[in-house]
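> Produce the entire structure from the sequences given, and follow the hints as far as they go.
One letter stands for each residue in the lines below.
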Amino acid sequence: MCAAPDQAVALPPNTDLNRETVLTGRVLAGGQPVGGAFVRLLDGTGEFTAEVVASASGDFRFFAAPGTWTLRALSRAGNGETVLNAQAPGLHTTEVMVA
Amino acid sequence: MSRQDVLVTAEWAEKNLGTDGIVFLEVDEDTTAYDGGHLPGAVRVNWTTELQDPVRRDIVDSARFAALLSAKGVGNDDTVVLYGGNNNWFAAYAYWQFKLYGHADVKLLDGGRKKWELDGRTLTTDATERPTVTYTAKDADLSIRAFRDEVIAAIDTKNLVDVRSPDEFSGKILAPAHLPQEQSQRPGHIPSAINIPWSKAANEDGTFKSDEDLTKLYGDAGLEEGRATIAYCRIGERSSHTWVVLHELLGHADVKNYDGSWTEYGSLIGVPIELGSGR
Numbered sequence: 001m002c003a004a005p006d007q008a009v010a011l012p013p014n015t016d017l018n019r020e021t022v023l024t025g026r027v028l029a030g031g032q033p034v035g036g037a038f039v040r041l042l043d044g045t046g047e048f049t050a051e052v053v054a055s056a057s058g059d060f061r062f063f064a065a066p067g068t069w070t071l072r073a074l075s076r077a078g079n080g081e082t083v084l085n086a087q088a089p090g091l092h093t094t095e096v097m098v099a
Numbered sequence: 001m002s003r004q005d006v007l008v009t010a011e012w013a014e015k016n017l018g019t020d021g022i023v024f025l026e027v028d029e030d031t032t033a034y035d036g037g038h039l040p041g042a043v044r045v046n047w048t049t050e051l052q053d054p055v056r057r058d059i060v061d062s063a064r065f066a067a068l069l070s071a072k073g074v075g076n077d078d079t080v081v082l083y084g085g086n087n088n089w090f091a092a093y094a095y096w097q098f099k100l101y102g103h104a105d106v107k108l109l110d111g112g113r114k115k116w117e118l119d120g121r122t123l124t125t126d127a128t129e130r131p132t133v134t135y136t137a138k139d140a141d142l143s144i145r146a147f148r149d150e151v152i153a154a155i156d157t158k159n160l161v162d163v164r165s166p167d168e169f170s171g172k173i174l175a176p177a178h179l180p181q182e183q184s185q186r187p188g189h190i191p192s193a194i195n196i197p198w199s200k201a202a203n204e205d206g207t208f209k210s211d212e213d214l215t216k217l218y219g220d221a222g223l224e225e226g227r228a229t230i231a232y233c234r235i236g237e238r239s240s241h242t243w244v245v246l247h248e249l250l251g252h253a254d255v256k257n258y259d260g261s262w263t264e265y266g267s268l269i270g271v272p273i274e275l276g277s278g279r
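These protein sequence lines map, in sequence, to chains F and U. Counting in our numbering, the first sequence runs from 1 upward without gaps. Counting in our numbering, the second sequence runs from 1 upward without gaps.
Keep in mind the hints are simulated off the structure, nothing from the lab. Glycine is no exception: its CB is placed at the ideal position from the N, C-alpha and C atoms. Worth double-checking, as some hints may not be accurate.
Listed next, the in silico EDC-like pairs over lysine to aspartate or glutamate satisfying Cα-Cα at most 16 angstroms (straight line) [to be verified]: (1) LYS200(U) to ASP220(U); (2) LYS99(U) to ASP139(U); (3) LYS172(U) to ASP156(U); (4) LYS200(U) to GLU212(U); (5) LYS172(U) to ASP43(F); (6) LYS72(U) to ASP139(U); (7) LYS99(U) to ASP141(U); (8) LYS172(U) to GLU20(F); (9) LYS172(U) to GLU47(F); (10) LYS158(U) to GLU225(U); (11) LYS200(U) to GLU47(F); (12) LYS99(U) to ASP254(U); (13) LYS200(U) to ASP167(U); (14) LYS200(U) to GLU20(F); (15) LYS99(U) to ASP220(U).
Listed next, the stretches of chain U that the computed footprint assigns to chain F, with coverage defined by at least 3 CB atoms under 8 angstroms from CB atoms of chain F [said to hold, decoys possible]: (16) 117 to 125; (17) 159 to 170; (18) 196 to 204.
Listed below in structure tokens is the structure:
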């Protein structure tokens with residue numbers, strides 16, 4: 001699951017996608033973006049790694065490392081999670097459904 | 001100290017908004033979070049510009065801390081309730097500074113912004129006005145702050161608790177995964193440190209785990225309770241969270257926060273560094 005860079009996601013200048021493994025995505029409930037969800041990045045063993053707050057449009061981003069990651073979202077609209085396989089540096093995109 | 005002295009619940013906080021003598025202060029990693037809505041009556045503290053020295057690489061000194069609280073309208077006799085985003089990382093960092101400079105009554109809102117928001121409690125964008133006061137800070141209590149030479153001397157002697165994520169501990173990455181990996185210092189950890197990520201002390205909603213769970217967590221990980229402890233992370237904020245747990249919630253006697261943390265240690269010339277998952 002390695003999509004082309006999404007131009008709607010503004011990466012910081014100097015982000016080197018040949019070197020950095022960037023995970024981005026959107027939190028959705030019933031197909032609608034969920035702004036302000038708490039998105040937790042868990043590593044392959046389920047260990048907590050980081051947490052961000054999704055933007056008003058439900059978007060989130062992590063700078064991780066190659067590996068298998070779980071993205072878990074908590075929100076007023078419910079919770080949910082999805083697994084993302086990011087086996088190499090680059091931009092990896094996913095969606096997390098909450099209910 | 002005990003849990004009741006250190007933490008307040010969201011219910012308690014909601015009932016005590018606007019109460020004379022109780023001041024709510026928001027401290028966020030994302031310093032703009034306050035603008036999007038804050039607890040009614042809460043005052044913002046910016047950790048980058050107000051809790052750190054503007055020139056030297058250091059936290060603010062006692063005089064600057066006093067000037068800050070005077071300007072924010074926080075009196076020596078006020079009960080200060082700190083809260084913030086990202087599981088109270090920076091609120092815990094501020095809490096540690098309030099203790100360092102001897103504030104009598106300071107508490108953390110258990111769960112911080114996250115629990116408050118998930119509960120659907122009120123946030124406002126109304127400005128908070130508080131008249132300035134004259135605050136007097138004490139000299140820094142260095143029994144809760146560790147410096148680098150002390151940390152080097154603690155290798156194989158004291159409990160060194162590295163509270164970063166396993167990948168930061170092993171040297172795989174240099175910063176938490178929500179931040180760009182731009183640091184240039186060496187990766188790894190201080191030899192003999194045990195890795196107990198701060199996150200293991202918190203529930204998913206940002207509240208602290210129970211005393212029983214916390215005692216088991218650190219005991220199982222090999223923290224020796226009778227020994228002095230130094231906690232560190234990357235820049236001293238996640239280790240403040242663990243410092244709160246060990247010193248304030250569990251009541252361990254000698255616990256210091258090494259706020260220089262990995263950004264300092266991992267840039268020193270000639271100090272020992274260990275890679276991998278630890279001993």
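> Could you tell me which of the numbered hints above are not met by this structure, giving the numbers in increasing order?
3, 6, 14 and 15
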